[in-house]
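So the sequence lines, in the order shown, correspond to chains A and B.
The first sequence begins at 2 in the numbering used here and counts up by one.
The second sequence begins at 2 in the numbering used here and counts up by one.
These are computed hints drawn from the structure, not numbers from a lab.
Hints may contain errors.
Since the list gives no way to pick out one identical chain from another, each pair is judged satisfied if it fits inside one copy or across any two copies.
25 Å max Cα-Cα, derived DMTMM-like pairs, lysine to aspartate or glutamate [claimed, not checked]:
#1 156 <-> 119
#2 71 <-> 119
#3 150 <-> 119
#4 156 <-> 43
#5 150 <-> 91
#6 150 <-> 80
#7 21 <-> 88
#8 21 <-> 139
#9 38 <-> 157
#10 71 <-> 148
#11 150 <-> 88
#12 38 <-> 124
#13 156 <-> 80
#14 156 <-> 37
Protein chains: 2
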Amino acid sequence: MPDAKHAAAILAAQAAPRGKPTNYPEPFASRMRGREKRPLGDVFGLTNFGVNLTRLAPGAMSALRHAHSKQDEFVYILEGHPTLVTDAGETALAPGMCAGFKAGTGDGHQLVNRSAQDVVYLEVGDRTPGDQGTYPDDDLQAALGPDGKWRFTHKDGRPY
Amino acid sequence: MPDAKHAAAILAAQAAPRGKPTNYPEPFASRMRGREKRPLGDVFGLTNFGVNLTRLAPGAMSALRHAHSKQDEFVYILEGHPTLVTDAGETALAPGMCAGFKAGTGDGHQLVNRSAQDVVYLEVGDRTPGDQGTYPDDDLQAALGPDGKWRFTHKDGRPY
């Protein structure tokens, strides 16, 4: 039956920002300054995938450059001009452009806002169990636990 | 390893339209006139979920009003003013608005373009096996086969 708790539709920019800005441990958490994520799928009770409306202030980044073992990801640029960084190099993005990151390629990706204006984009990722994150540029690795929470360690397995 | 077949990013509006405009049998297929879907996730080899850039000409609809048993769905309006129709009634949408449809609620949904201008939106849906589609307003039901293709029948099981 319809769930009366959920609005039929919302203005995405009015969704509440995520309570905890980042799951990364320090010293990585501080590098996420200027990034604001508004979970949109959660507003409607979606669980199979997540959708965020994410804003990057000048100088901010989407995430550490990373790759997922099982989660596909997709981004669609709504405002501004971020730079997409992958193993292949850098690609200038603009509103109306999109990119997808297939799980399991090992090719790390991130968006960086090197412009003087905010960047706003939609990001989509599924929630396949057993997902792992790898970080080619940082001493970090991540594993998605059965409770749906990420666990971060050094690459040699030591906890942060 | 990175897959050289895929571009790093594309302009979504330049993605190729879906070859087969609709999977519905007649008389439903003809009702999808004026709807054009550009698969975006496929461009990047994504398989866990699909993303389409969909354009509705004046008078066109997103789909027959329907509900999924296992697939979550999400839409984000980029241009124009579609009307969202659900069991609760009608909701006027506008650019920057979004809506999500949790699997299993049984609440059928569709977007209808009753305006004089085109509507453009992003739609996301996962590909959970065993999904079924129900159509409250039409003599139609759908089942996702193990081959990833939809099979449509009358509500009493007779094939179209």
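Here's how the hints hold up against the structure:
1. 156 <-> 119: neither (33 Å within a copy, 50 Å between copies)
2. 71 <-> 119: neither (30 Å within a copy, 36 Å between copies)
3. 150 <-> 119: Neither, since 29 Å and 41 Å both go past 25 Å.
4. 156 <-> 43: neither (31 Å within a copy, 32 Å between copies)
5. 150 <-> 91: neither (31 Å within a copy, 37 Å between copies)
6. 150 <-> 80: neither (30 Å within a copy, 36 Å between copies)
7. 21 <-> 88: neither (29 Å within a copy, 35 Å between copies)
8. 21 <-> 139: within (22 Å within a copy, 44 Å between copies)
9. 38 <-> 157: neither (30 Å within a copy, 46 Å between copies)
10. 71 <-> 148: both (16 Å within a copy, 21 Å between copies)
11. 150 <-> 88: For residue 150 and residue 88, neither the intra-copy (27 Å) nor the inter-copy (35 Å) Cα distance is at most 25 Å.
12. 38 <-> 124: both (9 Å within a copy, 19 Å between copies)
13. 156 <-> 80: The answer is neither: 35 Å in one copy and 45 Å across copies each exceed 25 Å.
14. 156 <-> 37: neither (27 Å within a copy, 46 Å between copies)
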